[in-house]
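Could you put together the complete structure from these sequences and hints?
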Amino acid sequence: MTALRFSVVVPLYDKGPTILATLASVCAQTWPATEILVVDDGSRDGGDALVAALDEPRIRLIRQANGGPAAARNAGVGAARGDWVALIDGDDLWHCEHLATLAAVIAAVPEAALVAAASRMIAPGDAFPDLPLPSVTSRRIDFFRDHRPDLLNASSVAVRRDVWLNVGGMPPAPSGEDMAFWITLAIDHAMAVSDRPTSCYVRGDGIMAREQAARLAGRAMPVSPVFAAIDRAVASIADPARRAAAQAFGDRTRLQYARSELYAGRPADARRLLAGIARRRGGAYVAYRLLALLPGRVLHAGMRWRRR
7 MTALRFSVVV
17 PLYDKGPTIL
27 ATLASVCAQT
37 WPATEILVVD
47 DGSRDGGDAL
57 VAALDEPRIR
67 LIRQANGGPA
77 AARNAGVGAA
87 RGDWVALIDG
97 DDLWHCEHLA
107 TLAAVIAAVP
117 EAALVAAASR
127 MIAPGDAFPD
137 LPLPSVTSRR
147 IDFFRDHRPD
157 LLNASSVAVR
167 RDVWLNVGGM
177 PPAPSGEDMA
187 FWITLAIDHA
197 MAVSDRPTSC
207 YVRGDGIMAR
217 EQAARLAGRA
227 MPVSPVFAAI
237 DRAVASIADP
247 ARRAAAQAFG
257 DRTRLQYARS
267 ELYAGRPADA
277 RRLLAGIARR
287 RGGAYVAYRL
297 LALLPGRVLH
307 AGMRWRRR
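Numbers in the numbering used here are just positions in the sequence shown, counted from 1, shifted up by 6.
Check each hint, because a few of them may be wrong.
Distance ranges between label pairs, derived from CB positions [what the hints assert, rightly or not]:
1) Arg64 - Ala254: 39 to 47 Å
2) Pro140 - Arg285: 40 to 48 Å
3) Gly282 - Leu139: 38 to 46 Å
4) Ala281 - Pro23: 23 to 31 Å
5) Pro138 - Ala281: 48 to 56 Å
6) Arg87 - Ala254: 33 to 41 Å
7) Arg287 - Asp132: 39 to 47 Å
Keep in mind the hints are simulated off the structure, nothing from the lab. Model, not experiment: these values are computed from the prediction. All residues carry an ideal CB built from backbone N, CA and C; glycine is no exception.
In structure tokens, the structure reads:
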């Protein structure tokens, strides 16, 4: 285990106010990173200059034209020298035990190609919560069966570098690139997680927030690579139970996206997302599950209207 080498990849785009705190949390790891690759993706706020001025020999600054977070992460992985690549965004934080926790998960589940720690969510400007950490527990997961929204994120995971390169990296897309990548990995590779919360995801103007804002404003969003990845998984998995779990995961994901389309006033797009589910499971299933995703105030208003 002492030979395990982590390369940390940090995509940077207009995170000048937060990047130094992020890098300080990376540099403070009790399991030191072999190198820290900051990939500047065409920042306009001077964040790259802040990184360049740091006196830390492990930090390498890579500059490229703006291509999105997936392109930045892929560039960092391509330049990395470590066996494992740990990801963190330029406005998130790690507890000093984060890489040590990931190393313990790798030792406990050596067949894993992706490992992750649990995450806490904090507000912008907050420090990592000063709470006692539980001991490290590790478990192998089936991504499709065990998935929940907080299971993985792009600041909590580490991926074997050779596997990342073999599957072709993250798909270049303005949103959904990380989820599509997890799905692709899950088809043929083992994953393991710890419930020890050593990663902090900072609420803010991330891609999910921007996507939701765009939907609510009625602006069309590009087609997510998530659906193509789900369809590949369902077509590729031979085991009937795993294939059924992948299909169920895909149905849940399409329901979530359909809800967003309904909120944005695009019922035709919602119907397109729901058509395949209705053919497999019936219209009653789709209606019931979609209603379950609506806020309680909307359901109560609908019930009052129905009683009139």
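Verification of the supplied hints:
1. Restraint check, Arg64 to Ala254: a C-beta distance of roughly 43 Å satisfies the suggested window 39 to 47 Å.
2. The hint said 40 to 48 Å for the Cβ distance between Pro140 and Arg285, and at roughly 45 Å that hint holds.
3. Remark: the range hint 38 to 46 Å for Gly282 to Leu139 is upheld by a beta-carbon distance near 43 Å.
4. In this structure the supplied range 23 to 31 Å is violated for Ala281 paired with Pro23, their Cβ-Cβ distance being about 44 Å.
5. At roughly 49 Å, the beta carbons of Pro138 and Ala281 sit within the given window of 48 to 56 Å.
6. In this structure the supplied range 33 to 41 Å holds for Arg87 paired with Ala254, their Cβ-Cβ distance being about 39 Å.
7. Distance hint check for Arg287 and Asp132: the Cβ-Cβ separation is about 42 Å, which falls inside the suggested range of 39 to 47 Å.
When the structure is compared with the earlier hints, a violation turns up for hint 4 alone.
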